[in-house]
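**Student:** Spelled out, the chains give:
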Amino acid sequence: METVFNISVFTENSIGILNRITIIFTRRHLNIESITASESEVKGVYRYTIVVKTNLDQVKKVVAQIEKQVEVLKAFFHTDEQVVHQEIALYKITTESFVNGGTEHIVRNHHARILTVDKEFTIIEKTGQPEELQDLFNELDQYGVLEFVRSGRVAISKPMKTLETYLKELEAE
Amino acid sequence: MNIRGAEAVMHCLQIEKVDTIFGYPGGAIMPIYDALYDFKDTINHILVRHEQGGIHAAQGYARTSGKVGVCFATSGPGATNLITGLADAMIDSTPVVCVTGQVASHLLGTDAFQETDVIGISMPVTKWNIQVTKAADIPDAMAKAFYIARSGRPGPVLVDITKDAQFGMMDFEYKPCDKIRSYVPTPNIDLARINESVELLNAAQKPLMLIGQGIFLSNAEQELMLFAEKSGIPIASTLLGLGAFPADHSLYVGYLGMHGNYAPNVLTNDCDVLLAVGMRFDDRVTGDVSQYAKQAKVIHIDIDKAELNKIIPADIAVHADAKEALTMLTELINPKQYAHWLQQFRDLEAVEKSEVVNEAIHPLSDQLKMAEVVNLLSEKTNGKAIVVTDVGQHQMITSRYYKYKGQRNNVTSGGLGTMGFGLPAAIGAKLGNPEQTVVAIIGDGGFQMTIQELGTILQSQVDVKIMILNNNFLGMVRQWQQLFFDRRYSFTEIVNPNFTAIAKGYSIEAIKITERGELDQALDNMLNSKGAFLLEVVVEQEENVFPMVETGASVSEMRLK
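These protein sequence lines are chains Y and S, in that order. For the first sequence, position 11 (counting from the first letter as 1) is numbered 11 according to the numbering used here, and the numbering increases by one without interruption. For the second sequence, position 142 (counting from the first letter as 1) is numbered 315 according to the numbering used here, and the numbering increases by one without interruption.
Here chain Y stands alone, though its shape is the one from the complex (with noise of 0.2 Å):
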């Protein structure tokens, strides 16, 4: 059964490793719902979180081939419940609907924030799940959105060794 996996891999600070990690995707014929990768608490240590949906049985296999690249220190996967997941979100709205018109009090409802305004538009900002992320945009697009962009998920899973530990494994051996 398809299900939404999320997948955190650390690996070295390397050229084209990025590379190497999709292509197992792709030889599995697999899509990326969506991917981050930034550096994590651990410098020069790097994190990607990809959410996929597919089969336990494929997802298995993935992560292990993941992990099996040279410059991959460690990778898992976890199921929703067992991560606590956020995705940001910017919205740019006429600064006209804003002042004028109804967006205000539903960017007060939704609890987003205002990073900018200008003469001609307003950016607006919230951090939520997806679907919180998809209602704001549904609302304000009744009044017009003139740009809508989503970060893709960043995951933080409940159970887990911290990573400063997997790496004083991995020097130990």
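Hints are computed from structural coordinates only; laboratory data are not their basis.
A few chain S positions that, by computed beta-carbon distances, are all more than 12 Å from chain Y: (1) N175; (2) A277; (3) D284; (4) E402; (5) K403; (6) P419; (7) L589; (8) V650; (9) Q694; (10) N698.
Distance condition first, Cα-Cα at most 35 Å in a straight line; then the derived DSBU-like pairs of lysine-lysine: (11) Y:K60 <-> S:K483; (12) S:K526 <-> S:K553; (13) S:K496 <-> Y:K168.
Short derived list, chain S residues pointing at chain Y, Cβ under 10 Å: (14) G293; (15) K300; (16) R326; (17) I353; (18) E480; (19) L481.
By construction, the Cβ of each residue, glycine as well, lies at the ideal position given by its N, Cα and C atoms.
Chain S: place on chain Y using the hints.
**Tutor:** Positioned in the frame of chain Y, the structure of chain S alone reads:
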């Protein structure tokens, strides 16, 4: 020592004890070739005729010598010509280091002359690759390349060096690499898994052991022998494992897979414990996985964690180096014999013999058959020649009828099934083992895919015995067309050139035979010749390889005809 990057490459190779390089020069690798000129006395560079030949030769060298094969190519087309060999080495776990030249770093990404994104192209077919744009980074890159290629599950590595990095000056210092934080090549064995395995094996009534190339790669031939003789467990081998356990040993029960032996295939579905070591359950071995060894408890030992539970779920998955695991198992296992169980193999072997083998090696038909040729070669060389094959019917016939008893004397393209592999791989095998007889058995189709390497044999005086089994067909495809496509021989009939004339054009002694009466003498002539020799054997046109496990069938449904 302040030297050029190109010289640094050569010093690195020397420190890594590289004695042979297979390569082809070109614009972007010229500084390295210039540096090589000063190392001619210590490093033997073999000028191939095509980069694909270069990497297959490096593979043949690596497979038979246990050392890392090295190959050079230039940027662009030189590098792309390596791809087939990289893919072959990747799937067959062969340690190879390829050094490619690249356009100068300021030209990267600009579609410069002979620029190609070789890092991107080779990524799916290399264990690791790296682009070096500064001379000072060369030693580290080379040290890591050799370490990664040879350690853990071996594989191909590509080091792409820009021309300016080759020209750049640097202070040379080389530290061989023996550790990379993110890479754990040799796992720590979980003792609990070994104990569980021993318990299962000690209680087994009908255990069967499957061995693969992992035995060679971990140098575990002796450990395997000790384990076999103590445990008494019958042993079957994959294509790449042939020779890791002597074919004439009383516990050897044959060759697994689509065109393997009848007994080990059929009895895979009868054993109670299946012990797989250093093999990866390729689909050519398993047939239909949903009907594969369902009755058995499976113990799978492999150094590559990603292979465990990939195809066949293991009741006990042991992430370990074969040598270490076998040593531990031998210590703990009870000495036992399985006379009745072994007899089941011998009974089925007798069936295969009477239904297939006898006719194949002593045919009643007028025309020569592939099996009788290989069988006679096997007898004449006592199973000890290094036999390199290409891909197709002749390959399956050779793996069936050549009785490997030597050390690492079986070289073939397994996972990728690369036609054209045979001739260059044989060149590499000979250069790695100058004292041994090397015979390349090749079909008339595959021979023409890398026929240009006859030039390498000529120039470097490589003593390779080439035996072409010529049926004027792309035989394996033809066999499938006959069996599964209603005999519609779509583009499998092949019009061949005069092979012996071509060989003679390269100053290679050559003869062609068509009659059974000529075979014995012809093989003697080939084996006793001084230097390279080409023997063309014209064989029956529409001979089929049997037995056979059809695609989608279970191993126990193997058909004998």
